[in-house]
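S.K.: Note that the protein sequences, when read in sequence, are chains F and H.
Take -14 as the starting number for the first sequence in the numbering used here and just add one per residue.
Take -14 as the starting number for the second sequence in the numbering used here and just add one per residue.
In short, the hints are calculated from the structure, not lab data.
Misleading hints may appear alongside valid ones.
If chains are identical, the list can't say which one is meant, so a pair holds when it fits in one copy or spans any two.
[Stated by the list, open to error] List of simulated lysine-lysine pairs, BS3-like, C-alpha gap at most 25 Å:
id, residue 1, residue 2
1, K207, K221
2, K221, K25
3, K184, K256
4, K184, K25
Protein chains: 2
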Amino acid sequence: MTAAIFGLGLIGGSFALALRDHGIAGDIVGVDASAENAAKALELGLVDRIATHDEAVEQADLIVLATPVDVTPILATRILNRVRASQTVMDMGSIKEELCEVIEQHPARGRFVATHPMWGTEFSGPAAAQHGAFTGRTTVICDRELSAPDALGAVEAIWARVGSPVIYMSAAEQDLHAAYISHISHITSFALALTVLEKEREEEHIFDLAGGGFESTVRLAKSSPDTWLPIFAGNKYNVLDVLREHIHQLQILRRMLERNDREGLRAAMQKANTIKRILP
Amino acid sequence: MTAAIFGLGLIGGSFALALRDHGIAGDIVGVDASAENAAKALELGLVDRIATHDEAVEQADLIVLATPVDVTPILATRILNRVRASQTVMDMGSIKEELCEVIEQHPARGRFVATHPMWGTEFSGPAAAQHGAFTGRTTVICDRELSAPDALGAVEAIWARVGSPVIYMSAAEQDLHAAYISHISHITSFALALTVLEKEREEEHIFDLAGGGFESTVRLAKSSPDTWLPIFAGNKYNVLDVLREHIHQLQILRRMLERNDREGLRAAMQKANTIKRILP
């Protein structure tokens, strides 16, 4: 099978590797708006060849959109305008509501399968692509009832071969969950990095002291604004909702510490500890 | 050499393993306020034997305090009251200002070396102890000029053998740095866990979606209140200072998102990205 990957960054590049590693695609075509990224992806062997948008849509059995989420809705529409009944189109973006709304009434909507594999790192670009990226991580498929059974089945079979368990939600549900599980963690990391950069002057010491929990909470602050600005903007109301609640929780902890309310702090920390139930 | 470890939890247990693994102590005595913890540490082979406070102080060449930070100042004083010139006492706590103030004028202050190895996990108790825990992580030694040269040299030699590079600060500096590098990350994780627990009802989905950055930022929310409440309370003014700045940074990001200020968000994320310089 021939697969075309639009967007040869962390996610698209890693998916190209997964398609090859699991024997899913024998021929992988890459498309990227950046000639530099495309050349790098080819050099790294992520894809077999680079093609234009039109060539890729013409030739591929499977068309994969791994572009920034603000680019995806229009790109998906352009591709659906020309897609054949034998082709399947899937995306891998972190938000889905706008995308699914834009393509909702498209006559070829059935060829499209909206997926969000729950994997990523703070790195970006083709050089960040990894083997084994999605294996063992859950993938969300959204609005499955709007995909044609054969297209849905093809995408489910791919995730099964990659070793990614699939769960199903509406696009609206997925965007809410992603805000809680992924987007807020990124916002918090950006803010933590800014906090330390703002207040801390002896950077040498920051570096030396990085073992105390800082690395794991601030790691995501290295993430690319090109990826994350469209996600935050596209999921604005969910992200704001979670962000307000998070600031509120921080203010409660702050007030308890100010007032030396040890019992309150202990109770809050014990409640937070129950996250163990769901994150073993 | 005989070492006595007071406090057989994550830190004390891991340090006992390091002392043995690096051939530093041939005889390791454990002391713990909890008979259950003591029995578990013995069963796990972290220590060779369990002793009373008095026996341990009598017999040990090196006395290590790995107790909760609110216990350490009084315990240190009681031990210094009886320490001999051939003995060295060190602690491993996350905060130092109160401790160093309490023992400052003690006639045996020179026998004490205040250290903070920058290592930890979200787990606690003897069963959480790990081999290789401190190797490659920095250790802070505080107020070194107040330790006798031989006591300081003995502790420096231990960290050198364990493979932990040592840096030096005043107790006040260390508490400020620890607030930025470690304590704020823990507060944020607790608050993030509370945010998700407060707002999210479909726990099954939290579990399934845990790949999106959530694990790394929320991991520390599993940490023990017995360890962390005394740290936050004991470093109250530094923690409040960092916490206020962190909430301020989150509010700035929130307002930019509310106003669709993409340029502002991009600039903030790009600034946060510069954390790469110091956290490669």
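S.K.: All the hints need checking, so say for each whether the structure fits it.
M.R.: Structure-based check of all given hints:
no., hint, result
1, K207 <-> K221, "within (21 Å within a copy, 29 Å between copies)"
2, K221 <-> K25, "neither (33 Å within a copy, 50 Å between copies)"
3, K184 <-> K256, "between (30 Å within a copy, 13 Å between copies)"
4, K184 <-> K25, "neither (38 Å within a copy, 43 Å between copies)"
Violated hints, listed in ascending order, are 2 and 4; each of the other numbered hints is respected by the structure.
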